[in-house]
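2 protein chains.
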Amino acid sequence: MDILVVGSVAFDSVETPFGKVEEALGGSATYFSTSASYFADVALVAVVGGDFPEKHVKFLRDKGVDLSGLKVVKEGKTFRWKGRYEYDLNQAHTLETQLNVFSEFKPVIPENQRDAEFLFLANIDPDIQHEVLEQARNPKFVACDTMNFWIGGKPEALKRVLKRVDLFVINEGEAREFSGEASLVRAAKKILDMGPKILIIKRGEYGSLMFNGSSVFSAPAYPLEEIFDPTGAGDSFAGGLMGYLASTGNVSDENIRRAIILGSVMASFNVESFSLDRLSALDFKDIKTRYSEFKRLTHFENM
Amino acid sequence: MDILVVGSVAFDSVETPFGKVEEALGGSATYFSTSASYFADVALVAVVGGDFPEKHVKFLRDKGVDLSGLKVVKEGKTFRWKGRYEYDLNQAHTLETQLNVFSEFKPVIPENQRDAEFLFLANIDPDIQHEVLEQARNPKFVACDTMNFWIGGKPEALKRVLKRVDLFVINEGEAREFSGEASLVRAAKKILDMGPKILIIKRGEYGSLMFNGSSVFSAPAYPLEEIFDPTGAGDSFAGGLMGYLASTGNVSDENIRRAIILGSVMASFNVESFSLDRLSALDFKDIKTRYSEFKRLTHFENM
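So the sequences go chain by chain: L and S. Adding 14 to a residue's 1-based position in the first sequence gives its number in our numbering. Adding 14 to a residue's 1-based position in the second sequence gives its number in our numbering.
Just so you know, the hints here were simulated from the structure itself, not pulled from any lab data. Predicted model only: the values in this text are computed from it and were never measured.
Because identical chains cannot be distinguished in the list, a pair is counted as satisfied if it fits within a single copy or across any two copies.
No more than 25 angstroms apart at the CA atoms, straight line, and that leaves these computed lysine to any residue pairs for SDA-like:
#1 K211 - Q149
#2 K120 - G63
#3 K154 - D207
#4 K203 - D102
#5 K203 - N226
#6 K309 - P237
Go ahead and model the full structure; you've got the sequences and the hints to work with.
Shown next as structure tokens:
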């Protein structure tokens, strides 16, 4: 096991201009693990209810995901999210959230996973992210996601976590809200001052920006004819990124840049279908081909 | 003379969160010419009133701009635009437009400029753009800009122009409006079908996308700490782009990509100050340095 992810496993009901899906497999840890599984061995710590079907367990296991940290609360129900996207696919409109067993989630990292070198704290309560950090033993590289709900509701808890993470991944609006700066360059400086060595600002269909204090990297999004369903794009991005870092064991600036492109590759596949349909059905050569397409997409010669 | 530009010369009064300026030199042809003048010889066709001061004429002449096509209507007043930007600097709010002499603009290209190889039709009435095309003799490369006002008001006139242009430059919202497509990839296909060989979609602080039917290029914007005043960014972009193409005489895909980066370089300088203050005070080595910074900003190695 190279990477440990702590986050949600959920049922998503999603409507987009292109169709809808009911109670499909979703959740941050699910998208992350599926994406990372193309590059590295992943263990997942999450909680589901007694209604979580065996076929989903089998799906993740077939991807090589270590589920010994997946707690099943027999008498409970799995986390459910219901959302809609309009033509502006950068913006999810939440219709309903049923936290169910997730509201009592107290992650316990199995003993044999506490030495994981790469740790991803998906978007959960920053106090719980902190508990995970307390259980981990000397990880080499910790990445962390969050959302506006925690930025607004628990900024101090989030700042405590940020002191201990290497990479913080956040979206553009959240970066502005958290820093109180309209300029992303200023926002990045303020956020890096809180502790993370690297900040990645996700900009949806515009790609992402990486800041590490000495270098800035701008990665495009892949220009798709249709973005079918953006759900899970951020976690697929993080999964590709962390998967590649873990598989190479190299967190240099150059390798982080490659990893960001691979994250963008995985996110671009993910949004081509509902749920994990496309993301879970890739060959490694599909990934390599799209990486080359990103190279061509951004290539220009010296003057 | 390598490039001929037909557009506006104006007085701009602009307010941004960082300050304000009253009746500063502006206009599409002014920004375009100043930017292009770093690369090539430019001639400008436009109209001003008797109130246009000698110092502005001298300013453009000192940049090497051929002003024999600048018509002065002694009894008239120069075009004035008044606008404000909020913190979202992608969006200009027009407070007042006084067309003045511009409302009667009938461009006449001086005889010795009708053989210009590179022609830029800045954002003006597409019927006037068409008249300019009728006067030009066999240009090698024609580029054209427009705005939502003409897309909504004179779509057929615009389409008549597009059949005869090599490069069409438009912003993201306009591309969606003009094509009726939310997806930029689909929008680009539809617009290329109208005639242009190359389409560049400008996305403000997110950079730009180039489509030519066989290749797509994504260029970032330069991540500035402050965007002081976005006025003229699009025309500075077009000026750098056309200036470089004209100076090299090469309109291959590879060279268009370089030219787009140089356009982005010039736009990034332009937005660092009000009016033409920064854009007009560059050394060529400033341009080369920022080009290298774009290279580093987008660089990633093969997998």
